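Number of protein chains: 2
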Amino acid sequence: MTQRQTGRRATWIWYPGDFEIRLHEKTSTKRRARGVPYPAFWRLDRHYSNIKFRYTYELPSEERIEIAAEGVFSLYLDGKDNERCDASVVTLPAGRHEISVSVFNDVEAPALFIEGPNIRTDADWEATSYQHDWVPAGCWTFDLPSDPPSAFRLAVTPQAPVSEEAVHDHPLLDFGRETFGYLRFHHLEGAGRVRIYYGESRAEALSPDACYSLDRFEAGAAARQAEDGIYTLADAKAFRYAWIHADPGVRWDRVSMLYEYVPATNRGAFACSDPKLGEIYETSLYTLHLNTREFFLDGIKRDRWVWSGDAYQAFLMNYYSFFDLDVTRRTLIALRGKDPLVMHFNTILDYSLYWFVSLYDYYLYTGDVAFVRQYYDRAVSLMDFCLAQRNAEGLIEGRPQDWVFIDWADLENDGAVSTIQIIAARSLEAMSAFAAAMEDEVASAAYGALAEDIKERTLRLFWDDEAGGLLHRRVNGVTQPALTKHASMFAMGFGYLNPDRQARVIRDVMLGSGVPRIRTPYMRFHELAALCESGQHERVLEEVRAYWGGMLDLGATTFWEAFDPTLADGAHYDMYGIPFGKSLCHAWGAGPIYLFGKYFLGVRPLSPGCASFVVEPHLGGLDWMKGAVPLSGGEVEVDMDASRIRVRATGGQGVLRYGLDGETIELAIPSDGSWIEAGLR
Amino acid sequence: MTQRQTGRRATWIWYPGDFEIRLHEKTSTKRRARGVPYPAFWRLDRHYSNIKFRYTYELPSEERIEIAAEGVFSLYLDGKDNERCDASVVTLPAGRHEISVSVFNDVEAPALFIEGPNIRTDADWEATSYQHDWVPAGCWTFDLPSDPPSAFRLAVTPQAPVSEEAVHDHPLLDFGRETFGYLRFHHLEGAGRVRIYYGESRAEALSPDACYSLDRFEAGAAARQAEDGIYTLADAKAFRYAWIHADPGVRWDRVSMLYEYVPATNRGAFACSDPKLGEIYETSLYTLHLNTREFFLDGIKRDRWVWSGDAYQAFLMNYYSFFDLDVTRRTLIALRGKDPLVMHFNTILDYSLYWFVSLYDYYLYTGDVAFVRQYYDRAVSLMDFCLAQRNAEGLIEGRPQDWVFIDWADLENDGAVSTIQIIAARSLEAMSAFAAAMEDEVASAAYGALAEDIKERTLRLFWDDEAGGLLHRRVNGVTQPALTKHASMFAMGFGYLNPDRQARVIRDVMLGSGVPRIRTPYMRFHELAALCESGQHERVLEEVRAYWGGMLDLGATTFWEAFDPTLADGAHYDMYGIPFGKSLCHAWGAGPIYLFGKYFLGVRPLSPGCASFVVEPHLGGLDWMKGAVPLSGGEVEVDMDASRIRVRATGGQGVLRYGLDGETIELAIPSDGSWIEAGLR
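These protein sequence lines map, in sequence, to chains A and B. According to the working numbering, the residues represented by the first sequence are 1375 to 2055, in order. According to the working numbering, the residues represented by the second sequence are 1375 to 2055, in order.
Just to be clear, a hint being listed does not mean it is correct.
Said to hold, decoys possible - Every beta carbon over 10 angstroms from chain B, so not counted as near; a handful from chain A, in silico:
1) VAL1463
2) HIS1471
3) LEU1528
4) GLU1786
5) ALA1817
6) THR1931
7) SER2045
As the list claims (entries may be wrong) - Subject to a maximum C-alpha distance of 27 angstroms in a straight line, what follows is the list of computed BS3-like cross-link-like pairs (lysine-lysine):
8) B:LYS1404 - A:LYS1454
9) B:LYS1404 - B:LYS1712
10) A:LYS1400 - B:LYS1400
11) B:LYS1400 - A:LYS1454
12) A:LYS1712 - B:LYS1712
13) A:LYS1400 - B:LYS1454
14) B:LYS1650 - B:LYS2000
15) A:LYS1712 - A:LYS1400
16) A:LYS1650 - A:LYS2000
17) B:LYS1400 - B:LYS1712
18) B:LYS1400 - A:LYS1712
19) A:LYS1404 - B:LYS1454
20) A:LYS1404 - A:LYS1712
21) B:LYS1712 - A:LYS1400
These are calculated hints, taken from the structure and not from any lab test. Computed from a predicted model, the values in this text were never measured in an experiment. Heads up, the beta-carbon is just placed ideally off N, CA and C, and yes, glycines get one too.
Produce the entire structure from the sequences given, and follow the hints as far as they go.
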């Protein structure tokens, strides 16, 4: 019950999560492979079609309200459901009354907008799916009756090609760098077929029989759909190049495109004495921004799906750059979906587990306990679902129907995989933190004990003292000899190894020559983070220069899904047996954002919402670096060279930590934005 | 894998159950209260939007197929999901190959139709919702590409009013009896408003401010939508009368209606020496037929929803009349819906339990073990859900969010209600039978033991020897003194009482004067069945004549939701505090169909599919009766007077059982349709 609150803004409301679930359903079916639909291969959850909203008011005099709904609605007062009304203008009686509004919509999520002098839909309203579940209504920024949630689309802005050349008499447009959006024909005329071959690379656009994305249309019909003389194609594509084949009778003035994007601004910054690293940072940012959309996507050309393991990394990069929490929350909601849990997220066991760690990171970087509360029950049921797969030794194994992914590599993943156990332990620690935030100390302790248990078992059963790391898997109670970097680096990243073992892992596993190399930026993200955790900053910068710099040397304008520097020039584009199947703009390629912010600028939250944080900068051999990292309620700036560190922060209880003459020194950082400086000589 | 089978017919296929689930979603939101939407107040389950079909073929030569889909589709062979095609004509290669077709549709259930000389969609195809669930595809009678499942609608045929009179200068049409469909205006002309007030009764149609169903339209706009000079209203209504108010400028030739119905034919029959009973039988049939629609509805005017307790009775009536198994299966599927189970069916605990008994009856009357197999898993999970509500004494109690209904009567239903336990015991017996049909003897025995346990506890804890019946409920381990007929009559109907207790129940509860009377035809159905079970046939006919005959005496053309003969003439139409809120065409009013068929003609299945059955006719004081009852694979005819019984049957192992000189005699009934005769003197 809320008293009249003059001044609150009316906004569209819905059943919480259903806007995101519906948007995810639509987004997950946009993929086209050479023009042919290719929907996600997992269950796509759906919004509730039948919803009821309620709100109790107290008014000194009657009030006229206007009602808009997405769906068929009816309104009644004080539970009198046989006295319904579906007029768009209603006069509410004075006094204390409960409004109920049922909305049914089997296409888009049912949504409601009510506006009166005092009575206005907002998060104070409640919603039910008729499952004994009155919950605060979902809402966002749809504050006009003419701007309903179902009409949501990203921002667009025109872009022109930077060059055009004729190849075999057909125009090849180059937009200068990877982009995403809708091609547009200005003043299209004539009749005949038009075919467009898109390419992330020039080679792809020039391969009509093999490029991944293409469009076909008939010019006459298209011209009739033009608005203000411009025909805009219906589906957005990811591309840098477009090669346009048209029948002889077809003419146009020029071709441009409508760039589609989330209007996010970078709240971080990074510059340093090595301009290559600066270029890598900027290219990473752009790569991440292109994949920051309705949700964090894996890549913008091929799948365009929401993958939990990919999103886990995008979340982390985002905390050090755009700090866009809308996309983060949408992605967390879409991944969790609805019950019943039958398959794992994206069908992958590890990807269900990453969700806990992702939600924990969200909590840590934002302190948004309300969101954790909203999803706590679903976190509990997801954990129950995962724990049900423990074997006789208490280790989590994939079921026959599960994909245990870990990495694109030659891995055998049946039995109990050590990396899974490590992520599971971290997930249980996350659950323990969530339960504590819910003030359920019993559950918190129970999850904590489970985390300890699985961690202890894993370190005991998989640690191989000869190899100096965690072996990869255990089958029928027997640990197998195969050694991979994955479990060891996750264990190190989560702080699960004692200093001795950490040193062994660095020497024998991470830097050892006998262990299979990691080839995906996906796992290099974790690998390089682990190396940073153990102080190998210089080594990491070398790797970044070679790996990401290697892509730049090949002309990359965004970072790729995979990169093998040993391949010949033209051999980089195929993947999964598909010509040009490799995504050249893949979120997980943007890892340097995270590495630079967390391990070089050195900013790390210590408690939820960055209420306390540490700044522990490392030059890693650079002459100087400076940059910024967003905080939940402010930002941190770091400026360092070999002689001194300067730091300022707005908000939070920050500590600058650095070494001097073999000693570790800590200085409190004022929260008022004033600079402090620490000498290093 | 299926070899080529020339001659099989192509038919539309879908994920099994999803056609029904989607139809149910649409049907459950058709209710309008005085023109205002009134959707069902429970979660409406939804079809999977993302589906994949598969089929493995072996062809000696390549073959051209045509593909139609409801939704966006793509096809590929042999798991090569990166080589998709969405052409509507495809040439399949010779040899052995697996076809996969993904179909996405977020509005209607994804459906597929493929037709080639040999390759044709049908029940041999499989479907998955991407949940590790390859199951046989659903299909029905949609055998043309131009007749997709989403276009399903019931049959229609024109009807004309039997009379028209002017009341206050507005035409009042009388269609002679209750009907259902779309009003039509022939040669509508002019401009102005038209308002239609519908009535199941004359009084209702003549109450513009209170009638339940109404329509409003503007004549000019309507006339422009006319086809062949006829404007048909968009929404169907239940009514006998329609009072039409039109502005002066509006004219039309005549008004008729399009009757909407399931083309089911009565395979039963009943006639007897009392013409009143014949009229009751025919009116019951018509009442049931009107409610036999997309699903078995409760009533056609008000809710138009699928209620499990109501459907339970309609199913039974249907086995003695239309034997329409399509509507039965659709209703069973819609009621079970999808997981997760959070609330009970229609929010009512008893209504979840009735589903087991209904499915058991379906199995018993049809022998359709394939359908039981398809829903066995969902039956198991529903039973788990119900059993989770057992209290410390092992009795099932309603949760705070549950509606424990039992009957429209002054009942207190918190704590453990005895009627719930009796229906639960029967449900567990049903589960035991299903498990046995699945050849899971362990589960069958376990369910059987649970049934025995709950039955034994109930009879022990609720039987009151002084009252001679089962008391109504038990709260915190204390059985409360209130006595109702419900539990005792269910226990008797299910054969749970020994002869002594049965006699006590008949004398002290069923016929005793101190027990609250049952007022709804809903529970009179069970009450009269219980009386028949104990041989009170004459008494039952008296009740039928008084109760159903009483409605006929008041001019009923279909039977009502409730009837209190003591009310004044004009006082019959209100219910739930709504003027004209009472449904005058309610499925549960058609109970005599079942009573006459099962207890007077006396035909009862003894084993699934009526493989064996008994015919035990009772005249109940009539001079003669004759009639027919459908069997799964034939029919039974009975012709009886005081001197002899004649019986014939087509199919099944039937036994005629009758009494002669105090002895019970059994005669085998030949299955070839020839008559046998037994003398009674």
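*Would you check the hint for LYS1404 (chain B) and LYS1712 (chain B), treating anything up to 27 angstroms between C-alpha atoms as holding?*
21 angstroms, holds
*Hinted pair LYS1712 (chain B) and LYS1400 (chain A), Cα distance within 27 angstroms*: This hinted pair holds, its Cα atoms lying about 22 angstroms apart.
*Starting from LYS1400 (chain A), check that the Cα of LYS1400 (chain B) is at most 27 angstroms away, please.*
Holds, because 21 angstroms separates the two Cα atoms, which is no more than 27 angstroms.
_Assertion that THR1931 (chain A) lies farther than 10 angstroms from chain B (Cβ)_ = Check passes; 25 angstroms lies beyond 10 angstroms.
*Does the structure keep LYS1650 (chain B) and LYS2000 (chain B) at a Cα separation of 27 angstroms or less?*
15 angstroms, holds
*Verify that the Cβ of VAL1463 (chain A) lies farther than 10 angstroms from every Cβ atom of chain B, and report whether the claim holds or is violated.*
15 angstroms, holds
*Is the Cα-Cα distance between LYS1400 (chain A) and LYS1454 (chain B) 27 angstroms or less?*
Holds. LYS1400 (chain A) to LYS1454 (chain B) sits at ~24 angstroms (cutoff 27 angstroms).
*Hey, is SER2045 (chain A) genuinely clear of chain B, shortest beta carbon separation above 10 angstroms?*
46 angstroms, holds
*If you draw a straight line from the CA of LYS1404 (chain A) to the CA of LYS1712 (chain A), is it 27 angstroms or shorter?*
21 angstroms, holds
*Is the Cα-Cα distance between LYS1404 (chain A) and LYS1454 (chain B) 27 angstroms or less?*
19 angstroms, holds
*Restraint check for LYS1400 (chain B) with LYS1712 (chain B), where alpha carbons must lie at most 27 angstroms apart*: 16 angstroms, holds
_27 angstroms Cα cutoff - pair LYS1400 (chain B), LYS1454 (chain A)_ = 24 angstroms, holds
Consistency with the previously given hints is maintained throughout, with no hint failing.
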